[in-house]
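*Asks:* Could you put the whole structure together from the sequences, leaning on the hints where they help?
Chains as they are written, first to last, in the numbering used here: chain A, 1 to 168; chain U, 1001 to 1282.
No lab work stands behind these hints: they were computed from the structure. Heads up, some of the hints might be wrong.
Label-pair restraints from in silico Cβ distances [unchecked claim]: (1) 1227/U with 155/A: 44 to 50 Å; (2) 1099/U with 9/A: 37 to 43 Å; (3) 1207/U with 25/A: 48 to 54 Å; (4) 159/A with 1103/U: 49 to 55 Å; (5) 108/A with 1118/U: 43 to 49 Å; (6) 162/A with 1038/U: 32 to 38 Å; (7) 1227/U with 25/A: 33 to 39 Å; (8) 1084/U with 26/A: 26 to 32 Å; (9) 1247/U with 90/A: 43 to 49 Å; (10) 90/A with 1008/U: 16 to 22 Å; (11) 1020/U with 162/A: 26 to 32 Å; (12) 1020/U with 159/A: 28 to 34 Å; (13) 91/A with 1247/U: 44 to 50 Å.
Note that CB positions come from ideal geometry on N, CA and C, so glycine has one too.
Listed here are the chains, written in short residue letters.
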Amino acid sequence: MRLIGVFSIATLIALALQTTFTRLLPFDVLMPNLALVLAVNLGLRYYSAAAALMAFGIGYATDTFSGGQLGLNALLFILVFILTSGLSRSLLSSTAVIGVIAVFGAVIFIDLGNAVAAADWGRSESLGLAMPAILIQAAITALCAPAVFAVMAGAARSVGLRQRGLRE
Amino acid sequence: MRSSFLWRNRVILTTGTLLILALHLLSSGVRPDARASKPALVLIELLRPFQTFVAGITGGSSGFLHDYFALVGVRRENAELRRRLAEFDSQQARMQELESENHRLADLLELREVLATKAVAVNVIGSDANALSRTIIVGQGSHGGLRRDMAVIANEGVVGRLMVVAPDAARVLLIDDHNSALDAIDQRSRARGIVAGVIDDGLTMKYVDRSEDLRPGDRIVTSGMDGIFPRGLLVGEVGRVSQEGPGLFLNVEVLPAVDFHKLEQLMVLTQKPPELQLEGQN
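*Replies:* Structure (structure tokens):
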């Protein structure tokens, strides 16, 4: 319950920031996908049924404020949770560097997933044209990831939430 | 109990169940305003006060912010003078902003009279959570008379349609989103097609027969055939026309009339007008 509580609040804050401050930036891609960083954090550091449920919830909440297909981000976020959980378990650690790399990959995965789901196959070059924007957002989100991880680690400690063994 | 199969595999089973649930949501095409998506409406309402607050502070006040940041680092002896100058500038920026807002609202009012239909003015309070999707959030909802699939327009032209309507907020699917499509015609040649958003942030006009005579600069207007947008509203103008590749249709790039990154005050058509006669407007 503590995990659900902490990450629910964090998700609301992340989405509030994403949906308001994006308008102040010259380009939308400059806004990091903070909700996705939370999902990656769950996958890397919390292997539990509640964490899986929360990853799904973050995806569903993102669907509420993004795009026109309910369930798309819910599906992609739960896949990100599975992949990052697998990564964390196979590497037997989840350092900040691994987190940054995982976030970078996850943004590309999510954005490509969104793009493919809505792909205009009549214009196959569309995906290629979108790649620079996807890579920029992935890089910016990855740069913000350590700060988000640190904040979430602090929040977890403050409520006595146990994380998987870390080497930060 | 803890040694049972279900308990030992609870994470895998939960994840699998959630995967199936997400696939079900996606494959059954649950619309964002369907009964199954009631929690989504709660979420929209939950964030609305914050979005309205931030939009109130930042909406159109970029001049003030820029002025503020420009003053950072001034020398100490000029601090007082510059503070007063900043105050003056911010007041001036605020006055200009109010004047500009006044003009926009007056334009909207004039447009509403031209449209001869019922319409509600709305403020933009939020944007999409994902950079690749094109939706915005407006600060009016079903309490203000808004319903799903109502047309949203600006002074310059078509903006989008209402996709999700919560009690006091609503999400608008912009016409440059890759999920959007609207029936449109070329004003000069009368060629008809579907204007849709593309993933790389732009508009394209699809299904235009190769035999049609479309030229760069032609104005594209709504046809009124999709049952959402009234006939004759400006969508944009033709940018590039090509016949590359095989196929029956032209590749038509459309330059939108509206700058989707600078939307502030919009109008929602709450009643479908009989028929518009705006095609001759310049």
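*Asks:* Which earlier hints turn out false for this structure, listed by number in ascending order?
*Replies:* Hint 3 alone not satisfied by this model.
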